[in-house]
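Assemble the complex: chain V is given as a structure, and chain A with the ligands must be docked to it using the hints.
Line order of the protein sequences matches chains V and A. For the first sequence, counting from 1, position 82 maps to 81 in numbering that gives the first Met the number 0; every step adds exactly one. For the second sequence, counting from 1, position 124 maps to 123 in numbering that gives the first Met the number 0; every step adds exactly one.
Any given hint could turn out to be false.
[Claimed, not checked] Think about it this way: if two alpha-carbon atoms lie no more than 16 angstroms apart in a straight line, the pair counts; the simulated EDC-like pairs of lysine to aspartate or glutamate are:
1. Lys10/V to Asp82/V
2. Lys189/V to Glu40/A
3. Lys189/V to Asp45/A
4. Lys189/V to Glu37/A
5. Lys256/V to Asp164/A
Quick caveat, the hints were computed from the structure, so don't treat them as lab data.
One letter stands for each residue in the lines below.
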Amino acid sequence: MLDEQKHKDLKTKAKEIRREIVSMVHRANSGHVGGSLGAADIVTALYYHVMQHDPQNPEWESRDRFVLSKGHCTPVIYAALADCGYFPKEDLLTFRRPGSHLQGHPYQPKTPGIDACTGTLGIGISTGVGMALGAKLKKQDQYYYILCGDGEIQEGQVWEAAAFANKYKLDNVIGFVDRNYLQTDGYSEKVMPMDPLDAKWESFGWKVFTINGHDFGEIISTIETAKKETVPVMIIANTTKGKGVSFMEGEAEWHGKPPAKEHFDKAMLELN
Amino acid sequence: MEYKATKQGYADALIELGHENEKILVMDADVAKATLTEQFEAVFPDRFFNCGVQEQNMLSAAAGLALEGFIPFASTFGVFATCRAGDQMRSSIAYPKLNVKIGVTHCGISVGGDGASHQSNEDIGMARTLPNMTVIVPGDYEESRLATHAAAKMNGPVYLRFGRDKYPVVPEIHGSFEIGKAKTIRKGTDITIITTGILVNEGLLAAKSLEEKGYSTRVIHMHTIKPLDEEVILLAAKETKGIVTVEEHSILAGLGEAVAGVVSEHHPCPVQRVGVMDTFGESGQSQELLDLYGLRAPDVLKKAMKILT
Ligand SMILES: Cc1ncc(C[n+]2csc(CCOP(=O)(O)OP(=O)(O)O)c2C)c(N)n1
Ligand SMILES: [Mg+2]
Numbered sequence: 000m001l002d003e004q005k006h007k008d009l010k011t012k013a014k015e016i017r018r019e020i021v022s023m024v025h026r027a028n029s030g031h032v033g034g035s036l037g038a039a040d041i042v043t044a045l046y047y048h049v050m051q052h053d054p055q056n057p058e059w060e061s062r063d064r065f066v067l068s069k070g071h072c073t074p075v076i077y078a079a080l081a082d083c084g085y086f087p088k089e090d091l092l093t094f095r096r097p098g099s100h101l102q103g104h105p106y107q108p109k110t111p112g113i114d115a116c117t118g119t120l121g122i123g124i125s126t127g128v129g130m131a132l133g134a135k136l137k138k139q140d141q142y143y144y145i146l147c148g149d150g151e152i153q154e155g156q157v158w159e160a161a162a163f164a165n166k167y168k169l170d171n172v173i174g175f176v177d178r179n180y181l182q183t184d185g186y187s188e189k190v191m192p193m194d195p196l197d198a199k200w201e202s203f204g205w206k207v208f209t210i211n212g213h214d215f216g217e218i219i220s221t222i223e224t225a226k227k228e229t230v231p232v233m234i235i236a237n238t239t240k241g242k243g244v245s246f247m248e249g250e251a252e253w254h255g256k257p258p259a260k261e262h263f264d265k266a267m268l269e270l271n
Numbered sequence: 000m001e002y003k004a005t006k007q008g009y010a011d012a013l014i015e016l017g018h019e020n021e022k023i024l025v026m027d028a029d030v031a032k033a034t035l036t037e038q039f040e041a042v043f044p045d046r047f048f049n050c051g052v053q054e055q056n057m058l059s060a061a062a063g064l065a066l067e068g069f070i071p072f073a074s075t076f077g078v079f080a081t082c083r084a085g086d087q088m089r090s091s092i093a094y095p096k097l098n099v100k101i102g103v104t105h106c107g108i109s110v111g112g113d114g115a116s117h118q119s120n121e122d123i124g125m126a127r128t129l130p131n132m133t134v135i136v137p138g139d140y141e142e143s144r145l146a147t148h149a150a151a152k153m154n155g156p157v158y159l160r161f162g163r164d165k166y167p168v169v170p171e172i173h174g175s176f177e178i179g180k181a182k183t184i185r186k187g188t189d190i191t192i193i194t195t196g197i198l199v200n201e202g203l204l205a206a207k208s209l210e211e212k213g214y215s216t217r218v219i220h221m222h223t224i225k226p227l228d229e230e231v232i233l234l235a236a237k238e239t240k241g242i243v244t245v246e247e248h249s250i251l252a253g254l255g256e257a258v259a260g261v262v263s264e265h266h267p268c269p270v271q272r273v274g275v276m277d278t279f280g281e282s283g284q285s286q287e288l289l290d291l292y293g294l295r296a297p298d299v300l301k302k303a304m305k306i307l308t
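Just chain V, with the same shape it has in the complex (with noise of 0.2 angstroms):
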């Protein structure tokens, strides 16, 4: 369980976690401000509360294993490794620029912590649940994190990959639907209709939670849980898009648009 204390410094934590992502898309220009601000929670959880892992030896062969499905949200991960001591904080200066390993959308080979290349969106959770069979194979015991996208999960190739896990028993899968009803085109219940979402997941077998996806409380306890269950997990995390910044907050345009000088200052001051 957590401590007021340990509480209150997750929530510092993903405060600076959100202001590096605002500065991120903004100095580069470039890249996915809203789904990575909604996300900010659920991965601070994972990186400074619930996972195994150790920022100085990436290649640690029994460490938790993360996999970021929707991988346009790379600010949010880039940001946390890079505090978390992976890589120096300076290269977070590089994001979107040639040469840097800090790509647009995760690139396994050169990014210390990063565990799968994504950027298809529905190749990560295959992926996620491919190397959690392997760990089965190799009888290890770390589990597989893997964060989807609402827009994401109406790609066949996550039902494929539901389908796989169930059978295979990968009760080391904890995956994530990011649920915050946007995607690029709009509302996701309007692009293309998918709840009920638990139901869903529920008939492919897996065991589902639904949480407020910006209360570390429940990310944490949920989590614990999903840990004694004999099936993979899906927990669906409702969020707001954009959570941090009122004027990103909900709204669709905010999913691939950079922030302009003026929209940086306002959220700076937000985030303050």
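Just chain A with the ligands, lined up with the frame of chain V:
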């Protein structure tokens, strides 16, 4: 120099076509804001179908609509049409030769910041190796508009390739448009430059530099990769010392290899390819990536000099 998005030519033509023919439908896979097909949706909401993030379903469903007599223009990014939904393109559309138009944007290295995952440098190769597929790579806004109209007029599958960014407007390629008929936009007798897509202006700039050096340079704009205008290529092979091909695509399987294939079979001559080497792209600004990946007039000039000296 005026710059204009090629995908805007596609979007404008779709609306014009929508008014002309009610069988025209437009589909997209959650990138309508980026491909600009949302502009068609605004005018014809009942004939626009957003499939969500489902490129595979979109392309096979487009085949279904074609079987029912409609003319669907299915739109997404080039990399997702060819790489994610390649089998649907092949088995649902090309094999039965259905009247589906696949209009893709964000092609080539000039995608920019999104990087390698989104930069399709292989899609021309994938599309042109499918039997029955017509492949068109327009050079600027106006040619994109004309090509979209031409694609709608013909019966059968067409792959239309556009970029993400704004690119130079090149008056030399305006006017008429005939699928499979290349445009000779500059006459010359020493060497030939054959361009496709948005690099046509780089080809013209290189031709100017070559003329300054005293070499009479022919420039052919090959907007259709398939069916390929073999006649114009062979004429160039016979009348000039060699050919430099220029494309915003891998040097493998694109325009360069298509041209080399034709001349080596019928009238061998030196062919030099300007394109993305056999490597993945990376993040950067779209114009700077064209520099970094060697897709500019000076790169064309260098290859031409290899043939001429
Ligand atoms: C296969 C594929 N199709 C299309 C895209 C383009 N794209 C990037 S992000 C995005 C929308 C994603 O929405 P969602 O999964 O809900 O992410 P979030 O709202 O968390 O940003 C799309 C369609 C892609 N990256 N991959
Ligand atoms: Mg979403």
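Hint by hint, here is what the structure shows:
| no. | hint | verdict |
| --- | --- | --- |
| 1 | Lys10/V to Asp82/V | holds, 15 angstroms |
| 2 | Lys189/V to Glu40/A | holds, 14 angstroms |
| 3 | Lys189/V to Asp45/A | holds, 14 angstroms |
| 4 | Lys189/V to Glu37/A | holds, 14 angstroms |
| 5 | Lys256/V to Asp164/A | holds, 15 angstroms |
When each numbered hint is compared with the structure, no violation occurs for any of them.
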